[in-house]
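With the hints as extra help, turn the sequences into a complete structure.
If you read the sequences in order, they're chains A and B.
For the first sequence, position 52 (counting from the first letter as 1) is numbered 51 according to numbering that gives the first Met the number 0, and the numbering increases by one without interruption.
For the second sequence, position 256 (counting from the first letter as 1) is numbered 255 according to numbering that gives the first Met the number 0, and the numbering increases by one without interruption.
Just so you know, the hints here were simulated from the structure itself, not pulled from any lab data.
These numbers were taken from a predicted model, which means no experiment stands behind them.
For glycine and all other residues, C-beta sits at the position ideal for the given N, C-alpha and C.
Now the in silico label distances, taken between C-beta atoms and shown as ranges:
#, chain 1, residue 1, chain 2, residue 2, range
1, B, P190, A, S5, 53 to 59 Å
2, B, P38, A, G64, 26 to 32 Å
3, A, D68, B, T116, 41 to 47 Å
4, A, T21, B, P80, 42 to 48 Å
5, A, A41, B, R235, 35 to 41 Å
6, B, A111, A, R51, 36 to 42 Å
7, B, V280, A, A46, 43 to 49 Å
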Amino acid sequence: MARDRSPAALVGAATDDAFEITFDGRPVTALPGQSVAAALWAAGILAWRSTRVGGRPRGAFCGIGQCYDCLATVNGRPNRRACLLPARPGDAITTQEGHGHAELGV
Amino acid sequence: MPTRHSSDLLVIGAGVIGAACAYYAARRGLNVTVVDRGPVAGGTTGAGEGNLLVSDKGPGPELELAQLSTSLWHELSDALPREIEYEAKGGLVVASGTEDLAALRTFAARQAAAGVTAETVPGDRLGDLEPHLTPGLAGGVHYPQDAQVQPALAAAHLLRAAGGRVRLRLGEPVTGILTATDGRVRGVRTPSGDLHAPCVVNAAGAWGGELARLAGVLLPVRPRRGFVLVTEPLPRVVRRKVYSADYVADVASGSAALQTSAVVEGTPAGPVLIGASRERVGFDRTLSVEVLRRLAAQAVRLFPVLATVRALRTYAGFRPYLPDHLPAIGHDPRRPGLLHACGHEGAGIGLAPATGQIIAALAAGDEPPLDVRPFRPERFGDGAAC
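Structure, rendered in structure tokens:
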């Protein structure tokens, strides 16, 4: 019999109500206390940034705020570390292209 | 102690000055050993911004050195790989008030008479050159000859391009200068052995004074601390090297007290570098929040857009300062066989090629490319006291 071995089940925790955030406009369900990266992963989304030079996909790597690979644009602000940032209802996550500041270029 | 190695020229310091000395000496056919207690560009060079400036120099020997270096850097940009991030981007010096502007224009006119290209820019045209520059500045001067490199990469690629005539000994501190009975230098001592050469170059940057003391001569190189703020990577927000006119006065000052003036520039890698502070506090690396606060505030006054981006980190370096703001380049008559190539303060990256060419010529027994008398190392008095 398959046992639910999620962290919440292991400690017998009951979460508060799920809420919705969006990723590039599409709805994603998040739980209170989940980081943006965890919510995206749970929805099967692994990449939310393209690299500056090669345009290659990037998502969470270290997951503990050290590697800066998981940078995302959150509510219009680029370079947020998705692995550290708690998801909040209504957050709009958008794929960050490169440095995320293209509009400043002259 | 056994003789481990012998070469024509021994350069102490693997920064950009030492690398340029080695590069030009190797091209003259000399065999060179470069020794450094740390890695390449691990001291003075790595903590610089990579400015190749004529704009901040008034007529005189330092400007002549800068002008020769400007043309040599241009040649090097063809000879060295693109990774050195050479950019002939030009400089823009701006003045906020009419009084500052008048002084700046007088300074620029004197520079122009000495061969510097200096173009006056009225206040209402500054935005054409730098769209993010704050409106309302009185005016500026555009210096198209100013350029930039990534200093650590430039030093490393100079050493690599020098080829097989240059041997690099990193992680080996020089603990003594070897002299013959007649007082002539014949090499250096390191913990792993003695290195022999008829010519030894002091290219130890901010530590050049200590090195001179090892050789028994006085060279009063002192560290002048400077902080640089580094922003998150950005697109091209600042096209040129942009700085306020009071930077020139700060550089020329001999004061030990803290001076800050906004110097802002983009880099090919993306981050914007924000300088420049100067203070004489010895070799103290303690982070100064006050300095950083002033740098950030001054940069935002010039480029308000910077208030919307984040500074990621900061680094501090020691600019090798000599009391008359000129480097020490050339033979030290007090210690035959010893040459100095240090004390360039905040201009060492820019002045490296001309310095290297001079040292290489002198080491080979030839005429240097320009008059080196203003840079003579013994000008601060004899070394009897040390």
